[in-house]
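Colleague: Now for the letters of each chain:
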Amino acid sequence: MRSAMPSPHAPFCKRFHKAMPSHGRRRVLGILGASAASVSVASLARAQSAAAPLDIAAYPALDQILRDTRPRWQSIAPGFDIRLVAREFGDHHSALTAAMAARKGLPDLMAVEFGFLARFAASGALADLSTLPGVAELSTGVVPYAIAQCRLAGGLYALPVDIGPGVSFIRADLLERARITEQQVLSSWEGFVEAGRLLRAADGPYLLPHARDLKDAIIRSAIEPGDGLYFDAKGRPRLDSERFRLAFRLAREVRRHDLDARVSAWSNDWAEGLRRGRIATLLMGAWFGGHLANWLAPATAGRWRTGELPGGARASWGGSFYAIAAHSPRREQAWAMLRLLAGDPALQLDAFRRHDAFPALQTAHQDPFFEEAMPFFGGQRARRLWREIALAIPPVGVHRLDPLAEEIVNAELDRVLIRGKDPERAIEDAARVLERRAERVRG
Amino acid sequence: MSAQQLQVAEPRPARVRISLIDRLRGRDPAVAPWLFLAPFLLLFAVFGVYPIAFSFYMSLHDWDPVQGLASARFVGLDNYLFVLADEWFHQSLISTAWLAVASGVPQHLVAIPLACFIDSRLRRTRDWLAALYFLPYVTSTVAIAIMFTALLSRDFGMVNLMVESIARLPVVGTLMPAGPIDWLNDPDRIRPAVSMVVFWRFVGFNTLLYLAALQGIPRELYEAARLDGASAWQRFWHVTLPMLRPVAFFAVTLSIIGGMQLFEEPFVLSGGRGGPDQAVMTTAIYLYRSAFEFSDFGAASAMSWILVLLMALLSALVTRWLGNRGDR
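Chains as they are written, first to last, in our numbering: chain A, 73 to 515; chain B, 15 to 342.
One or more of the hints may lead you astray.
Here are some of the chain B residues that sit facing chain A, going by a computed Cβ distance under 8 angstroms [said to hold, decoys possible]:
1) Thr153
2) Thr155
3) Arg168
4) Asp169
5) Pro201
6) Glu307
Among chain B residues calculated to face chain A with C-beta under 8 angstroms, some are [as the list claims (entries may be wrong)]:
7) Ala59
8) His75
9) Gly82
10) Phe88
11) Leu95
12) Phe96
13) Ala164
14) Asn174
15) Gly193
16) Asn199
17) Glu278
18) Val282
19) Asp291
20) Phe306
21) Phe308
Simulated from the structure, these hints should not be mistaken for lab results.
Note that the Cβ used here is the ideal one computed from N, Cα and C, for glycine as well.
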């Protein structure tokens with residue numbers, strides 16, 4: 073039904089009709105109509121964008137933890153759904169790289185593994201969380217070394233959800249058979265290798281899966297304050313340090329005396345070696361204990377023990393972090409979700425119980441669950457030990473070329489182990505190649 | 015006035031004007047083919063030409079992808095110079111060449127006699143056999159590589175179990191190694207292992223190509239050769255092989271291109287690292303890792319263009335060797 077009331081725009085319309093010829097009127101009306109349409113589409117898009125679910129990208133098993141978190145999220149933000157994009161570890165980081173390159177398609181909230189943190193933080197695609205409300209309180213509750221790793225270039229670009237304090241896993245029954253004590257194995261790095269010799273001399277199992285694992289453990293420990301694994305605080309390669317020399321020398325010893333099973337982590341032979349008692353020790357993140365007990369070697373329950381790294385070394389084995397996209401239209405919701413994931417001890421504890429993700433929050437460590445004896449480790453209070461180790465780990469700097477540096481070091485170590493190259497020369501060659509690459513980055 | 019001049023003086027027929035809408039509807043015979051080709055051309059421009067052009071552009075720039083395209087810095091030929099002096103690139107070329115030759119040459123040496131045998135002796139089961147040999151080619155490479163990873167496992171793999179059983183036999187056993195073979199962790203073993211997988215996957219494809227070509231050889235040629243007293247070997251050498259040359263040229267060119275681009279099999283079998291001592295880190299793997307793991311898209315793009323040039327050079331050599339012989 074048409075209204076009898078005159079339109080408030082009537083005088084303007086009359087003037088418009090008088091002033092403009094008919095074809096000109098059509099053109100102006102067309103432009104106005106198009107503008108109105110584009111304005112309404114834009115506002116609709118804004119409205120839709122506001123109502124769109126929160127995009128979160130994660131890799132296994134963080135994707136499963138997020139699915140478990142959904143009911144909690146719904147209670148915090150009713151009606152605001154999350155859209156989870158779960159990919160395999162490598163694909164996940166490749167997809168994030170592509171999205172950062174295109175500056176399009178980056179999820180609101182994304183999981184980032186430790187090795188990618190420096191590179192992604194330097195991209196400018198991640199939001200600086202340091203000014204967000206409540207971040208200071210949340211940060212103080214996190215294990216110190218893990219939160220220190222998120223502080224890059226004066227900003228805070230991620231928050232940790234799980235950590236990997238470096239520990240050792242030992243087959244007590246195999247040591248006992250060779251009459252070797254745990255103290256002998258864990259006394260020092262040299263003592264560790266010596267124990268391996270005794271094991272093999274008694275026709276026993278291999279000391280560890282691969283000589284590379286020993287190198288990884290040694291170079292991760294005794295890092296100078298402020299330095300990273302491969303670079304110092306100023307971004308200069310640090311392969312000339314004593315820990316690399318010791319790592320290469322002892323790795324060669326291990327191979328020379330046939331102490332390693334020569335199997336790479338997560339391969340079939342590696343898994344079978346752990347199940348069948350062909351491998352006596354493992355140097356790994358504490359989270360590995362759950363994998364060992366739940367699916368890798370559940371039949372070996374009671375035969376394993378866990379302890380510090382040899383010589384009381386302190387080292388970290390990765391960890392998972394979450395970051396918010398700098399230009400996320402749902403930044404507020406992303407921050408709410410991140411607060412939940414990184415700041416809720418109950419949630420992290422649940423992730424530890426179900427998915428072996430060792431909590432980054434110290435408040436989660438206070439749960440009685442950490443005091444429980446673990447039958448898989450012969451009744452040891454393993455979680456309590458891991459917690460103590462985690463608190464003593466010093467912060468380690470990260471560098472965007474860390475993945476490349478790791479490959480360079482591994483390639484040279486292969487030459488030492490396989491081709492008999494002199495360790496000192498191998499380190500020099502690795503340093504030279506890394507310096508050449510770092511030079512390119514510095515431009 | 016001559017007849018020729020008269021012809022020239024004749025008025026030309028009026029040109030039919032076709033409206034733009036009619037042209038777009040395909041009523042103009044000159045436009046219609048382009049309209050039919052448009053979907054392909056559009057897709058090819060977006061997914062073919064653009065990435066190639068972009069890769070060339072990137073090869074002249076220093077670019078860390080996570081920094082966004084705006085951070086790309088023009089460096090001229092620096093990336094090419096860096097790659098040409100890079101030890102890992104040299105090593106990757108050696109690995110690529112090793113695998114390409116070790117997996118590629120046997121493919122043809124086996125496929126040609128195999129195709130001849132199937133064509134001459136197994137006519138009834140020919141199609142079934144061809145389909146069977148072709149099966150690995152159409153199976154997912156990743157599935158194949160995972161299956162072979164299990165088969166080639168040092169301690170628990172079927173291949174080593176078989177070797178172990180043969181080693182127990184009285185005479186043949188002396189030829190077998192004493193311990194289990196570390197197929198995937200020994201740089202001297204992983205190359206033959208990867209080559210074997212690639213050979214297994216592509217030998218059926220080549221057999222099928224040669225089988226199709228054999229069926230096109232006129233039988234009269236064989237009859238004539240037989241009447242001239244040619245032996246089976248002479249018929250193969252002087253009739254079959256020369257007649258297979260065009261297909262051999264095509265198949266060898268494909269093998270060269272495939273060999274130079276080898277990626278999936280060595281990638282999966284080496285756990286994505288390129289194997290111990292980078293023994294199976296092919297140029298394609300190194301290129302991928304440079305871009306996505308080491309954030310050096312400039313060097314990776316330069317590598318891809320150097321690889322293209324190498325493939326073009328090798329293809330030219332094959333063309334010279336196999337392609338034009340018949341024309342001379």
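Colleague: Hint compliance check: list the failing hint numbers for this structure, sorted ascending.
Modeller: 1, 2, 7, 8, 10, 11, 14, 15, 17, 18
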